[in-house]
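S.K.: Hey, can you piece these two chains together into the complex? The hints should help.
First to last, the sequence lines map onto chains G and F.
Using this note's numbering, the first residue of the first sequence is number 1236, and each one after it goes up by one.
Using this note's numbering, the first residue of the second sequence is number -3, and each one after it goes up by one.
Computed list of lysine-lysine pairs in BS3-like fashion (alpha-carbon distance at most 30 angstroms, straight line):
#, chain 1, residue 1, chain 2, residue 2
1, G, K1427, G, K1336
2, G, K1336, F, K24
3, F, K24, G, K1427
Hints are computed from structural coordinates only; laboratory data are not their basis.
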Amino acid sequence: MTRGGYRYWAGTLGIVATAVVFIVPFAFIVLTSLKNRPEANLLEFSWPSEIALVANFMEVIETRDYMLVIAFINSAVLTVASVAIIVVLASMVAFILQRRKSRWTPFVNFLVLSGLIIPPAVVPTIWVLEGIRMFDTMIGLILIEVAFGLSFSILLFRAFISTIPREIDEAAIIDGAGPMQLFFRVVLPLLKPVVVTVVIVQAVQIFNDFVNPLYFLPSAPTAQLTLYNFQSQFSSSYNLLFMDILLITIPPLIVFIFFNRQIVAGMTSGAVKG
Amino acid sequence: MATHTSASRTAPASRRASPPTPQRGRPKSPYPHWFYLPAAVLYSVLFLIPTFASFYFSLTRWTLFETEFIGLDNFVTFFQQPQLVTGLTNTMVYAFVTSGVKVVLGLLLAVFLTSQIIARDWLRSVIFFPVLVSTIGVGITFQVLMDPQDGLINDSLALLGIDGPGWLTDPDLALLSIAAVDIWKGVGLATVIFIAGLAAIPGEYYEAARVDGASSFNTFWHIMLPLSRPATATVIILSLIGGLRSFELIWAMTRGGPGFSSDVIASVIYKQYQAGFYGISTAGNVVLFVVVTAIILPLSMALNRREVDA
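Next up, chain F with everything else stripped away, as it sits in the complex (with noise of 0.2 angstroms):
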């Protein structure tokens, strides 16, 4: 069993990283550099090369095999064109209506499934399922429900008297009957993360507010708001993540329609994908990337900047 006999008499003198020696033979670490390698290749080529050829391929004219440079012509397109301009328009939207709501409805059902009532742990599975579930799946389902003449959501609306509208069919809906479904989907997720969150709340701050006669709305307020911070700072992140670069819903639903009235910068990327103006898609990138990192990097820092220590 021991083969580096050598290297493990000394290596419990330096097990910490090493200060570099004269003399040739620097003790090994029992956790090399090297077990970084594999992860780092994969990670390199696959993720960080294309993120950095992008740019240079954003300012192109590109057929995958040849390019012929003709600088920020792309972004020019890109924010002259209505249907790319809409695009952004409504990624911003979508990301912030469905990050708002995931982590207002989050919380305040984080609240109701730790208090006190019966079937809690099965409310709490029912409210989560949903994210595990194919996105695809949820987007055709929903476009059948909501079908303007046959979808259920009408059907039961006009029930009671009401004429239900084109939910998805109606360029001003479309997107946020799309957003409606994100919550949906993604609330359980934001609700599991704020249940953890106030779990970590210590018994003692409740047993003071009661003993000094708070009511619950101060006992919300005024413990679990903002001893709940970092939850909520982290639903706030993940959700507006996923928001912005959204896709799978949309495409489902609508592919973006009617018209395009519900496309995010993530469809237009592939709709320019598919129409081989490669150089444009991959513009529609860059501008993702810089609209991902210019909201969430101040957000996080300035969100991580005021947590409370419980």
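Excised from the complex, chain G in its bound form (with noise of 0.2 angstroms):
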């Protein structure tokens, strides 16, 4: 067989068999969303006889008063003032970390590991979070969201600081640079790629998190939770909960189209030594 005749048809196969593994469920997804509430519950694999869209899109929004609205402004809130901190305190640390070799380093990478091992103890952070009057409130989810993201982040921070020449930051400090403002002027700005990953990365995990949301603010509405919620209620209008999928697939897939190579890279890059 030659060189050429194999690109093509384990490509083709290669095609065909993901379509059906990996294209199929979206696919049925989009096509259940689109249509009116008797076909929807048919649950078949048919293109719609009439595309109810604009319909479902209105009947799932309008939902006990708007609630997917409110849900998804509360996760856009959420998502965004949690990545913005955990870029900020996560790059601190890796930046002491990986420029300042002490005593305590070893220390500190090893409750940096330890972040991404140890499950959290759900019901003692609630208890916690009770002590300091922030359970079930929105800053209360905040700081958690920071608090678990951490690890990771400091981990894809650490890996790229690496690579920025020492000479940089004394060129900084001869010029009269305090730790401040060599941070913040000249270091970060150079971070610019790693953040755009931390950034991604972690803005889509909060987005789809759903565990936090239920443990510690269960009673306001957030995307996934809604879903969840939305579950029972249209129990038997799949229409309108696959309209509710598709809706929260929307967010990712928009990084996804543009970003791609950076979530990739920074999955990876955190993952393989070397």
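M.R.: In structure tokens form, the structure reads like this:
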């Protein structure tokens, strides 16, 4: 078999296989979200007889006094705030971790790694939040997402900072920069690529997070929580349920279309050493 | 711009960690330790303290406001009640099955997707996209697809004359069905990590192998496999941690059912929390902590020791 032949038949086989396995479920989501209710409830993989895109969209949005809109807004606030804080805090830690080897360094490394492995203890965390009167508040949840997201972000930042030559630091110090100026005016702008990666990876992860809002902000609607609640609400309206799934998939899809390279780079750079 | 002139004049002479000087005013490092502080405070209060506290509270009957020390009773209950023990065994099965398949499938897909085939980039994107999608959304979708009567999967099997089983309604199948969906969603990440690992193998190895007349299989077995060991270690560890702690997918698809046949430790923790048994719930967290640490730490040390340098 020629090399050229392998290219085509293997590629085609791959396309067919991935289409069946990976695309059909998404196609099903789209198709069902376009159908009217009786047709959707048949759960068939078929083209809708009439396209009820706008009707379904409006009906889902208006459910329970526009709960979905509020949920998306809450999720947006949560995501933006958490990501912003994570970027600042994690880069600061990574900066010192990478630049200043002291006896604290192995200890900090250990803490960072344990953040990746140790499962958070749920009820004691609620107990702590209750103690500082932040349980069931957005700000409490934001701080939780930050605390849980620090480890991975610190690792990503540290790997990247190691590629910034110390000469740049030294030049700035000779020019009279103090630590804050050195970091925020000189180093941080140089970290832009990894900042983009951290922002994207954490934003997707926090937007898709279901567990933490479930435990720590149960009374407020967030995107995933609303979808979960609509599962029973729409148990006989699959068109609406899948319209909701479609809407929830759109933000990560947009991010994926524009930032695919950064996401992949981020997830692999933290993972593969060297 | 020069605000700390005295510090900056001495800084170049002693910017690495300076030895303690007898006189006052040790030159300030441009890398101050207080940069750790904000993150450290958040991390300690919202992660470390609860983790330590969980060990204490797992030994109590707890209502969040009052505690009653009852020793190891919670753990005894945990290991005696069938629905709780099932959670433990299911967690292990789920974690090792999903991890194992992700590693093998991920590597094979990576080898496939680094070879010369058409539509390679598109295929990589399609396989990776599920990683980014809402877990709840995926869970609901596949729950519908796996519906025994109307679901697409059984409908398609019926076309081939096969009577599809109750994927999520049969207690013996439920956990593995969820595991399959977990693999569907997660194999893309494993594949992408492996692709990065394979890309790091210098081309000279492949050249040498071709010159020596090695078959594709030999190239795979003797070059790709050993030299992608860091990536393999990473995929194993990441997928095991994720599998052991898994909750969202299982909860979205079956709520741990039918009965408790697909419960895992994480869903047990949640159920006990919902029922108000905070002590047992926290005991579950301690069990999960011990399980994850006992498996991952030795594994991580063993895997990192056997790295082969490219």
